[in-house]
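Novice: Below, each chain spelled out in residue letters.
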Amino acid sequence: MTAIARPFAPARPRPTVRRRVAALVDHWGLPAYTVAAVAYLLMPIAVMILFSFNEQVGKFNYQWHAFSLDAWANPFGRPGMAAAIRTSLEIAFLSTLAATALGTLIAVSLTRYRFPGRSATNLFIFLPMATPEIVMGASLLTLFVNTAQPPLDTVIPKGVLFPLGFNTILIAHIMFNISYVVVTVKARMAGFDRRLEEASMDLGANEWTTFWKVTFPLIFPGILAAALLAFSLSIDDFVVTNFTSGLTNTFPIWVWGSLRNSLPVQINVVGTMIFGTAVLLVLGSTLLQRRAQ
Amino acid sequence: MSRTSHLLRRFLTPYLLLAPGLLWLIVFFIFPTVQMFLYSVSTGSVDFGYRLTWSFAAFTQIPQEFSRQFANSILYGTLATILTFLISYPLAYFIAFRGGRYKNVILFLVIAPFFTSFLIRTISWQIILGDNGPVIGLIHTVDVFHQVPQNFTFMGEPIAVVSGLVYNFLPFMTLPLYVALERIDLRLIEAAQDLYAGPWRPRGWIYGALGGAALGGLVGFGISWSVPAFAAAGAVLGTLIGGFFVSESFLRVTFPLSLPGVFAGSLLTFIPALGDYVNATLLGSPKTQMIGNVIQARFLESNDYPTASALSFVLMVGIIIAVMAYARVLGTEDLSGGVTI
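Chains G and C, in that order, give the protein sequences.
Under our numbering, think of the first position of the first sequence as 1, with each following residue one higher.
Under our numbering, think of the first position of the second sequence as 1001, with each following residue one higher.
In short, the hints are calculated from the structure, not lab data.
Source: prediction; values computed, not measured.
All C-beta atoms in this analysis are idealised placements derived from N, C-alpha and C, irrespective of residue type, glycine included.
A portion of the hints provided could be inaccurate.
[Said to hold, decoys possible] Using 20 Å as the maximum straight-line C-alpha spacing, the simulated EDC-like pairs for lysine to aspartate or glutamate come out as follows:
hint	chain 1	residue 1	chain 2	residue 2
1	C	Lys1287	C	Glu1301
2	G	Lys158	C	Asp1047
3	C	Lys1287	C	Asp1047
4	G	Lys213	G	Asp202
5	G	Lys59	C	Asp1131
[As the list claims (entries may be wrong)] Some chain G residues judged to face chain C by a derived CB distance under 7 Å, without partners named:
hint	residue
6	Val35
7	Phe76
8	Pro128
9	Thr147
10	Ala148
11	Phe275
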């Protein structure tokens, strides 16, 4: 904007160099910082993707050698890797299903009803999220190991809680996911208009029909967000799984185990695939929600 | 009759909805914690079984055996929390107040690291900070007078562990800060400016210098590098920020209103950082071991359940006490404030 464009502009203080610099810093300082911070956050992702195109020389993929598509041509070609990924997906799917169901019920109860013990329950739900993962994993391990000893070993069928494996990982993942589901669904239900349900009842629908025809469609975006969160927490979990997996491998456990003697390029390939899938899922669900509104 | 049953049903419904989920949490969260405590006061071995003897030997050995690892955990956890806060605040501030139409895009980029595996992210840091990595390369390129020794390294040093912790938990800080800042009524800030809340000078220079020096010194101490150098750098940065970027309206209105986010964010960063052992394993060395490393090794490698249980128990109780003290200081009633967006 020049002086010619605004002939009647009031007299302004002369733009000294110092003022110009100050205005420049004021205007561009924060945006520049934000760009730098975002670059910092994305840097390891860029490295992961870049190194998925590295040529495998030696056992460890720590140094750039040459561009190669070998790992992408054979993404699961490492012993035990495909099985670990399958286990990860199965556990993520099942634990998401169970935790979303259990957590949504709790969220509905906490937001729709006033009852004695409600605030205590709220606090209790918060506890698992405030506990370090290592404490959760370790305490579950002590529980599972203890079930191998008398008298619990006579009550609990062998293979359910001990030896450690698929079941125990699943149990642990459902456990830590419940709280996150409750908090997410609760947040979306906060602005829920109860009068819509009353209207439905007034028009002759019973509670069951009202729930499925009115309540559920309205809180569905919240449930979907909670399920996505639970799935991503489960598929990426390392610490709790490390304590409850025994000899069963999930993908993170497999990566951890292989780190001792190798770091194949395929790890970056699968990491990139997971990243791409997650980005697509989130973008998809955002578009879905935007359309629903 | 039907009226009573209707009332009974109304009374029972919330509990019936709660029951399955809560039962799961009781059996697989509360009960294991009790079990872990019982192991910490037991004696025996994994081969011959453990007997509950109410022996507190596992606890009494902690101060002399594991104080270094506890100290590392507290130091690195605290540093990581402070640094994530300092890095996140301007970022969250920009997204909340000046993000405009890019708001959702930037938020998406902030949580993008969560779409990759925690382990793979940390492995990427091994590459970035490694001896053949770009950061060391840049340092040697800039270092034209060869002041930096050729064997200069980050790996295995506290700075690498703290960097890993800061990076991995940064979004946990940024998101609650953003949520808290976003909720602020802009008219309050305008009112402060109308009431002549201007730049924070000259006090901003003084407080900024002092605060910056203290924080810089702490960082220097934490990563066991030169404390005076870091304190000096912190003082310079603090003076600039305090004098030019912090206004009185920010100090008196914006920042106090964002405290719930500060509270939630620092807990969400500090708690997982304190118990973490992945960063200390992949980026550290034996001298940077944190308490999580010991718990992990004792449970999964040497099967020393009483010691490991005692350590986990102390970690858990310590965190509960710290959270309660912190809640009292910051005075936030809603503990989970801003956990989800």
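Novice: Does each hint fit the structure? Answer for all of them.
Specialist: Each hint tested on the structure:
Taking the CA atoms of C:Lys1287 and C:Glu1301, the gap is near 19 Å; set against the 20 Å cutoff, the hint holds. Under the criterion of a C-alpha separation no larger than 20 Å, the hint pairing G:Lys158 with C:Asp1047 is consistent with the structure, at around 18 Å. Restraint check: the Cα-Cα separation between C:Lys1287 and C:Asp1047 comes to about 31 Å, which exceeds 20 Å; the hinted pair is violated. At most 20 Å may separate the alpha-carbon atoms for a hinted pair to count; G:Lys213 and G:Asp202 meet this at roughly 14 Å.
A threshold of 20 Å between alpha carbons decides the hint, and for G:Lys59 with C:Asp1131 the separation of about 17 Å falls inside it, so the pair holds. A cut of 7 Å between beta carbons decides the hint on G:Val35: the least distance to chain C is about 10 Å, and the hint is violated. With 7 Å as the threshold, the beta carbon of G:Phe76 stays out of range of chain C, its nearest partner Cβ sitting at about 15 Å, so the hint is violated. Checking G:Pro128 against chain C: minimum C-beta separation of about 6 Å stays under 7 Å; hint holds.
Because the beta carbon of G:Thr147 sits about 10 Å from the nearest beta carbon in chain C, more than 7 Å, this interface hint is broken. Interface hint status for G:Ala148: violated, as the beta-carbon distance to the closest one in chain C is roughly 9 Å, over 7 Å. The interface hint given for G:Phe275 is met, as the beta carbon of that residue sits about 5 Å from the closest beta carbon of chain C, less than 7 Å.
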